[in-house]
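Student: Sequence:
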Amino acid sequence: MQEQMCCDGFTTMAFYKVICATTVLLILLLPESESQLDVCGLASLNTRIVGGQDAPPGFWPWQVSVNSVGGFQFCGGSLMNNQWVLSAAHCFSRVRSAIVYVGRQSQQGSNPNEVSRTVSQIIIHPNYDSSTLNNDIALLRLSSSVTFSTYIAPVCLAASDSTFHAGVNTWVTGWGTIASGVSNPFPQNLMEVQVPIVGGRQCNCSYGVGQITDNMLCAGLPEGGRDSCQGDSGGPLVIKQGNRWILSGVVSFGNGCALARFPGVYTKVSRYQTWINEQIISNQPGFITFRSTGTDSDLSVTCPGLPPVTTTLPPNITLTISSPTTTLPPTTPSPTTPSSTTPSSTTTPPTTTPKPVVCGQAPRNSRILGGSSVATEGVWPWMASLQKNGSHVCGGTLVAVDSVLSDAKCFSSLPVASDWTVVLGRLRQNGSNPFEVTMNVTNITLSSLNGSNVAVLTLSGQPTLSDYIQPICLDSGRTFAVGTVCWAAGWSSGRGGEEQILQELQTSIVDCGNASSSDNICTGNFTLEQGYSGSPLMCKEEGTWFQVAVLSVENNSIEDNSTEISLTPDNSTKIILTEDNSTRVRLTREFRANNLQVFTRVSHFQNFLTQTLGTLLSPASTNNTINITMTSNTTATTNTLATTDSTNTTNSTNSTYTSAAATISVTTGGAPVHSSSVFFFFHHFLLLALGLQLFS
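Residue numbers (UniProt numbering): 1 to 696.
Hint data in this document are derived by calculation from the structure and do not stem from the laboratory.
Check each hint, because a few of them may be wrong.
[Unchecked claim] Within a straight-line C-alpha distance of at most 16 Å, the following computed EDC-like cross-link-like pairs (lysine to aspartate or glutamate) qualify:
(1) LYS388 <-> ASP419
(2) LYS409 <-> ASP511
(3) LYS240 <-> GLU192
Remember, it's a predicted structure, so these values are computed and weren't measured experimentally.
When you get a sec, could you build the whole thing from the sequences and use the hints?
Tutor: Take a look at the structure:
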């Protein structure tokens, strides 16, 4: 009996242990199965009422940082539940793997509350259009779930019946640039900005009727000054209702950043409730209806071409393309130059006269700001088309009177020079080119350094230089500050229309981050087509164009390959340049992803180029230094005259006059010396001073 009681006691104790263990297990599992409506959109540390700059830790606990495997932050996103993130489709057009950081505050400082997960699946909306950025939305599945805390929490999503009237205040967060090409300063803390909703009708009037679809939401100030920017793509635009924060938009694109009249454009989350729930079967995100009150002021907005209020715009608007499809770099304002037209058969080339052999001058190039478009005759007079059997293979640049620089990858290890020709002064690969010259190639020399390499092609003769054929200067290690506007140009079979007109792409210098090296230079991301290999990356300094890198299709973009990805059938990253015939507005759509292009600087090949080309061409500047030392003693006078580089007087004259009394520096800004009124004045002043000294 005692043994039986002991056995019964043991059985009872075991039973209670099972009950306790089961209870604990249920408690632990409860948060995972809890409805997202019970936990989403709550930020206990956030009491935001008006605008700010740096976001304190925990204020936006759904914000995620999407980074490359190498550690480069290129986009943002929003945590929807414990294993799914919402972001922008254009961030992942070419990305196959990524790491997501949740609970992160600083990109470079300490982050005690963060956790990281690899991305195991990327789902891009099946109707994503990379040319119009319609349906710019993507889902990221994390490799494992995250645990919610004060610093990590899901956001609520706007339900399909939500309404957003003009003027409703929203918040945008991210680690992107603080202006086009200007990096978020160390330690790159999460930034926040408050912007009001801009109605769809007003936004269409700003961007061109038809460019803003029903799947898009706009936000910004009429005067500009507040906006998302590059690196913020995929991040959240949220609105507060009661004590809940609702994800209403996903950062998508804009015309520049924070420009007047051009609000940021966001993917409207409420349009995708059904699609999101179809992809996330269990533990679905919490959707909440946001309702604006009162009358929407946007209903009274009108502009030429805008349909009446009673007309509902179709969700997918067909754009009429009036310019060729081109590839846009991630950080680019819209072009201000018109598209080129085909010259008539009566076009007569202008009479050309021999010019001093100086580099980096493009008389017909007045580029200041622009986007991705076709070039016009003479804009890039050093561009060369490298042809094999009469077909364009690679680009190149005229860098000496008889030599062209290109990418070594365009050639085999033992290239046959006679197989190649070089066409200079060309604009169209198919069409009339009244200013072009074709040259045979007599020798091809390849560099043999580790990593990227370049090629120098020796021409059979020296082309006559003109406004349409000029050499470019080679950069020897100049410092180009972050934000410096630079350009790339090249030909591609998929660009430039039937005539395959030379394409020009504007970008800007960015911080290389982990890829920093004296041999590297980095720009915002842009798509490199096959035919662009060998073409130049060009930056302008004091009126002179310098080639800072040779484009190579293989390298450059900091991205990786390995994660499962669901792509739309058209997964290109092109942007279509459009012109609305009624408003005559030319605009390009600018991604707000923060992808990075890394190029090997031309200066890395300095020794090879000097050995192959000899003395490199110099910019068209004159450095005349005249040192005049005058003593106060009239009986003792010492005059020292030193003049250097006095042969080039066609562009910029820098003269320094040094005396015991003062030092005067004069820059004549590119006018010829003999026609400069400033130089004329100081020339006579100098003669007068010498005369007084001699006769004193």
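Student: Now tell me, hint by hint, if it's right for this structure.
Tutor: Hint check:
1. For the proposed pair LYS388 and ASP419, the alpha carbon gap of about 6 Å is at most 16 Å, so the pair holds.
2. For the hint pairing LYS409 with ASP511, the CA-to-CA distance comes to about 26 Å; that exceeds 16 Å, so the pair is violated.
3. Distance hint between LYS240 and GLU192 is fulfilled; the C-alpha atoms sit about 14 Å from each other, no more than 16 Å.
The earlier numbered hint that this structure contradicts is number 2, and it is the only one.
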